[in-house]
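S.K.: Below, each chain spelled out in residue letters.
Number of protein chains: 2
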Amino acid sequence: MGAQFGCPKKQTKIETNIIFIMGVSGVGKSTIGSLLSEELAIPFFDGDDFHPENNILKMSRGEALNDNDRFGWLKTLNELAVKQLKKKGCVIVCSALKESYRNILNTNIKGNSKWVFLNGSFELIEKRINNRRDHFMSSDLLRSQFDILEEPKNTIEIDISLTPENIIKAIKNELKMKSEFGLFGLGVMGKSLSRNLANNDFKISLFNRHVAGKEENVALNFKNEFKELSSAIPFDSIAPFVNSLQKPRKIMLMVNAGKIVDGVIEDLLPFLDDGDILIDGGNSNYNKTKERFDYLMSKNIHFIGSGVSGGEEGALKGPSIMPGGDKDAYKEVQPFLEAIAAKDANGLPCCTHIGTEGSGHFVKMVHNGIEYVEMQLLAEVFIILKRLGNDPDQIATILEGWKETANSYLLEITIDILRKKEGDDWLVNKIMDKAGNKGTGNWTTIATAQLGMPSTMIASALFARYISFYKEERIIASENFKLEDNLSLNFTIDDVLNAYQFARIINHYQGFKLIQEASVNYKWNLNLSELSRIWTNGCIIRSDFMLELVAIFKTTNNLLMDSNIVKRIEALKPSIKKVVSECVLNELPISNLSESINFLNSFKIANSSANIIQAQRDYFGAHTYQRKDDASNKFYHTNWKNN
Amino acid sequence: MGAQFGCPKKQTKIETNIIFIMGVSGVGKSTIGSLLSEELAIPFFDGDDFHPENNILKMSRGEALNDNDRFGWLKTLNELAVKQLKKKGCVIVCSALKESYRNILNTNIKGNSKWVFLNGSFELIEKRINNRRDHFMSSDLLRSQFDILEEPKNTIEIDISLTPENIIKAIKNELKMKSEFGLFGLGVMGKSLSRNLANNDFKISLFNRHVAGKEENVALNFKNEFKELSSAIPFDSIAPFVNSLQKPRKIMLMVNAGKIVDGVIEDLLPFLDDGDILIDGGNSNYNKTKERFDYLMSKNIHFIGSGVSGGEEGALKGPSIMPGGDKDAYKEVQPFLEAIAAKDANGLPCCTHIGTEGSGHFVKMVHNGIEYVEMQLLAEVFIILKRLGNDPDQIATILEGWKETANSYLLEITIDILRKKEGDDWLVNKIMDKAGNKGTGNWTTIATAQLGMPSTMIASALFARYISFYKEERIIASENFKLEDNLSLNFTIDDVLNAYQFARIINHYQGFKLIQEASVNYKWNLNLSELSRIWTNGCIIRSDFMLELVAIFKTTNNLLMDSNIVKRIEALKPSIKKVVSECVLNELPISNLSESINFLNSFKIANSSANIIQAQRDYFGAHTYQRKDDASNKFYHTNWKNN
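These protein sequence lines map, in sequence, to chains X and U. For the first sequence, the numbering used here gives the first residue as 1, with consecutive numbering after it. For the second sequence, the numbering used here gives the first residue as 1, with consecutive numbering after it.
Just so you know, these hints were derived from the structure itself, not from any lab. Incorrect hints may have been included.
Which copy is meant is left open, because identical chains are indistinguishable; a pair holds if it fits in one copy or across any two.
Stated by the list, open to error - Derived pair list, reagent style DMTMM-like, types lysine to aspartate or glutamate, alpha-carbon separation capped at 25 Å:
id	residue 1	residue 2
1	K290	E530
2	K259	E291
3	K110	E79
4	K438	E517
5	K438	D562
6	K641	D236
7	K482	D159
8	K420	E291
9	K87	D416
10	K169	E225
11	K327	E548
12	K438	D393
13	K259	D294
14	K420	D629
15	K169	E38
16	K290	E484
17	K299	D544
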């Protein structure tokens with residue numbers, strides 16, 4: 001299940017590449033191609049040698065080939081490329097003047113194909129052609145080739161006025177010396193992702209800033225520490241870092257969310273070229289991501305705001321990745337992100353293109369909101385089981401038994417935590433009970449308030465952390481407010497498990513409902529089933545329940561409308577009612593469990609007492625109200641004083 | 001108590017004014033003063049005639065008067081002014097070159113004094129003096145007067161190069177034709193405030209936009225509808241509206257919060273002069289108010305963001321007013337705002353300068369947050385009493401009995417609401433149970449999340465409204481999730497009252513704690529006792545409990561640290577525990593009542609289970625933790641897997 005970091009090691013090592021040399025007739029593709037194949041010690045293929053008989057006959061009759069004639073031939077070349085990729089790679093020469101031709105050639109090898117575009121002026125090429133003895137080509141024919149040419153993007157473009165020797169040097173420089181992917185910022189997460197990329201045989205550049213006396217040679221020392229980083233190139237200066245990357249450059253920022261991201265973007269911008277791609281892998285606010293996306297679009301730079309969940313270990317062994325932004329830009333980074341992502345039960349990467357703009361960071365934010373609740377519920381389970389007389393080891397044993405029906409990564413680590421001893425005592429008893437937070441729970445609560453969604457459990461889990469922070473006031477209050485005598489908890493441990501499961505269903509309902517609301521509101525067109533799929537492994541909230549959600553969200557976006565979930569809730573309800581009412585009587589802090597049943601009780605009432613609130617608003621503020629017996633949604637106002 | 005709109009009608013009608021004519025020697029003060037007194041048919045006094053014998057002797061000896069000599073004399077003139085104000089007003093001539101002199105003259109009559117500043121160039125005045133036969137004054141003496149002169153702000157400044165006839169015309173124009181206060185926007189609140197100002201004998205200008213076919217002659221028709229508006233001047237065009245106001249102009253905007261406010265500001269700006277004052281009386285977001293404050297400061301316009309609570313009736317009969325902004329600008333509008341405000345039990349206005357920038361709108365926002373909770377608690381009380389078998393009339397009778405210990409404006413109007421019948425049924429039964437909201441509850445929840453404060457009850461009341469809005473889903477859910485059989489509520493009506501009172505204490509604790517936190521955070525230096533004082537009347541959350549808070553907040557900013565409140569909470573606690581636990585068992589939607597006891601249970605625990613959360617965060621994210629046994633606040637990290 002999800003708790004295992006399931007990242008199967010890639011079978012093939014991919015330093016191999018298929019190098020296509022393209023350009024109009026007469027630029028010297030064959031010459032350069034065969035020189036390059038010698039230099040790299042890989043096979044050379046001239047595309048023209050692969051035409052089927054029909055094409056050869058047609059050409060020998062002096063007829064021009066049409067696109068239909070070409071497609072079969074291009075497919076043959078693509079099959080050749082796929083085959084060669086499994087060996088040492090190769091050089092293939094082909095004019096490939098149109099984007100559609102190149103797409104056929106690229107099929108299934110996109111991450112491993114390199115394109116060299118030999119380019120020069122009409123006059124220069126015409127002159128060269130005329131100097132060749134064995135070629136004859138009219139100026140008109142050359143001109144028509146220029147007309148057909150759709151100039152490619154993101155290739156190694158070479159000026160043919162250079163000597164062949166220098167052309168080979170320039171290509172080699174781009175191909176062999178340059179890294180495929182840059183990692184900017186080597187904190188806990190940045191380091192883990194770097195090693196993950198290197199373990200997947202990507203050639204990467206590493207950057208960490210230089211702060212005299214504090215952060216010196218961070219990238220270099222990090223590279224030297226791990227074998228897998230032997231081919232990684234370390235930097236502490238921005239210009240050479242950027243120049244070390246193949247175009248379009250792919251740079252993942254792993255820096256603290258906030259203004260630092262903007263500072264880094266400004267630092268990088270002067271060195272970037274049109275079409276380069278920045279990926280923000282931090283927990284940035286989704287509104288900021290939208291702003292940065294727009295800003296960088298105006299500079300012709302792609303921006304991908306990507307949630308990354310899994311913590312230190314997940315980042316190393318396979319995190320869940322939630323990239324949002326331009327789909328075409330995503331395709332460029334897809335091979336990298338999918339390779340390093342965790343894999344689901346079917347071996348598919350826990351990484352998918354979420355949607356446009358800030359959608360990736362939005363869903364990561366809600367992921368963290370759901371995480372806040374899952375953590376708080378376990379903390380409340382702990383305090384209940386403790387009041388029932390169990391020590392941490394005994395609680396761990398109880399939770400161990402819950403794995404069968406309620407397993408999750410967070411449950412598993414909580415068991416580990418409870419068992420950790422320091423001398424004769426449990427380490428957990430020594431830990432200060434002031435819970436920190438780094439913004440995402442806060443932002444989720446703000447988003448839910450702004451979107452008009454009652455994600456009560458996330459807010460409640462956030463506030464539980466806030467309350468914990470008032471340690472000094474809590475100590476005074478614990479003396480002021482005494483616990484009543486003769487308290488006892490009248491429920492079983494199975495009731496606690498049921499209450500916990502009930503609350504988790506409400507938590508997931510609310511979290512996904514918030515995502516669904518944002519999807520409609522921002523026109524992101526998000527896929528809840530696909531989202532839960534990429535959360536089945538790698539991320540902090542992976543669980544057996546998440547596995548179930550993949551199927552459920554294929555039929556509904558609303559968990560509380562699913563008949564099996566309804567049945568399960570009905571079965572768990574007696575326990576949550578008992579546990580919450582008993583805990584309230586016993587003055588146990590279980591606000592999150594409590595919120596779960598209070599939410600359902602508020603949600604499942606056809607006629608609520610909100611009519612009182614509407615009447616009050618109309619009374620003092622003339623805010624008007626609608627009537628149950630008027631389907632026209634007309635607004636009424638009453639002078640309430642005249643009885 | 002607070003539920004009565006206590007706005008005692010002002011005794012004296014104040015169209016009368018004291019007109020001071022000031023300026024250096026030789027500007028023609030006496031001439032203009034006596035002409036003006038004739039024109040207005042009010043007495044004329046020359047300040048020089050009121051010097052005490054000592055001063056006269058000193059001057060006759062050729063000695064200059066010092067400030068000590070002057071102060072007694074200025075006090076005499078002020079006493080004269082106070083006396084004349086009770087009659088028809090008067091014109092007083094006095095050079096009054098220094099601000100401190102003018103402050104003495106203004107004592108106790110600030111709202112009713114008008115200052116005319118006769119001004120001209122040194123050369124012009126010198127020439128005029130030399131042309132007079134009966135005066136002799138050296139150029140040095142005149143120059144020293146110019147040196148002493150502290151140019152006054154906010155006066156009617158007149159250029160003495162005009163003819164006396166034109167000077168009188170200009171002064172009369174400013175004095176008699178122009179309004180003292182402008183009201184921009186004649187919605188429900190704008191209309192009520194206009195009538196309130198007129199009832200207090202202020203001369204006002206009224207503006208409402210012209211929208212062909214929809215809003216035409218709104219101000220004119222409104223003026224014609226109410227006798228008290230006979231001297232008000234109506235406008236539907238901005239330039240003449242602004243020009244109809246005395247300087248510094250005081251314009252209160254009563255338009256919908258949001259971008260409309262910025263639009264109105266831009267519409268007004270071209271017609272305003274330095275020193276004019278805009279008051280935003282709508283429910284604007286406090287962050288926006290800070291932005292507008294800064295923006296208008298850069299244009300030399302004062303901006304006051306003012307909360308106004310009391311609804312339609314409060315605005316008419318006396319609201320609670322919460323102005324925030326520059327203190328000097330506040331002094332200019334103070335006479336108006338304090339006159340129209342409700343009065344507290346001691347007759348003091350329920351209006352006070354809150355603090356700088358957006359502080360007025362912040363406290364109004366929290367006021368509304370507290371209001372959301374007070375309303376939600378009454379809605380929950382209603383649904384409990386209904387489940388106990390009471391009809392709306394019976395519930396009203398029960399609540400009537402609660403006035404003795406728990407009275408509030410909202411309780412009173414709820415009783416009125418419950419008694420309102422339509423035919424044989426109660427009107428409240430017909431009202432659609434989808435509660436609206438206009439942003440302030442939402443903003444309070446956002447502010448509390450941003451400031452790190454656990455204002456759980458406001459968030460819970462907001463979410464209760466949000467849940468109510470899902471009427472269609474609620475109906476489906478009510479069919480999916482059945483109520484268990486054989487339910488019964490095992491508590492008394494007194495328990496419900498106690499639970500309600502308990503929850504209200506927690507609500508007020510959290511609301512004022514949020515204000516206190518903002519005060520520290522934004523350096524606003526707010527006074528919680530003064531704040532609760534201005535909320536004892538006029539506003540929606542006025543209550544007997546608010547009256548108590550005025551005294552309590554004189555000794556502490558933390559309600560839960562007050563020993564009497566602690567005792568009261570302890571006495572009420574058994575009831576809230578019983579009511580909440582029984583309601584949870586009986587599946588009644590009482591999330592706000594529930595949140596109150598859950599908050600206390602979380603707050604009064606010395607050792608919470610937040611240690612579990614810290615351990616989890618350190619486990620998966622290496623977020624580190626502090627230890628209870630290390631007071632140095634050092635951060636620790638553990639490798640949790642090695643057991």
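S.K.: With reference to the structure, classify each hint as holding or not holding.
M.R.: Results of checking the hints against the structure:
no., hint, result
1, K290 x E530, "within (22 Å within a copy, 43 Å between copies)"
2, K259 x E291, "both (12 Å within a copy, 20 Å between copies)"
3, K110 x E79, "within (13 Å within a copy, 93 Å between copies)"
4, K438 x E517, "both (24 Å within a copy, 19 Å between copies)"
5, K438 x D562, "neither (34 Å within a copy, 33 Å between copies)"
6, K641 x D236, "neither (74 Å within a copy, 33 Å between copies)"
7, K482 x D159, "neither (83 Å within a copy, 75 Å between copies)"
8, K420 x E291, "neither (45 Å within a copy, 52 Å between copies)"
9, K87 x D416, "neither (45 Å within a copy, 86 Å between copies)"
10, K169 x E225, "neither (32 Å within a copy, 90 Å between copies)"
11, K327 x E548, "neither (28 Å within a copy, 61 Å between copies)"
12, K438 x D393, "neither (30 Å within a copy, 51 Å between copies)"
13, K259 x D294, "both (16 Å within a copy, 23 Å between copies)"
14, K420 x D629, "between (62 Å within a copy, 17 Å between copies)"
15, K169 x E38, "within (13 Å within a copy, 101 Å between copies)"
16, K290 x E484, "neither (52 Å within a copy, 48 Å between copies)"
17, K299 x D544, "neither (44 Å within a copy, 61 Å between copies)"
Against the hints set out earlier in the document, violations occur for numbers 5, 6, 7, 8, 9, 10, 11, 12, 16, 17.
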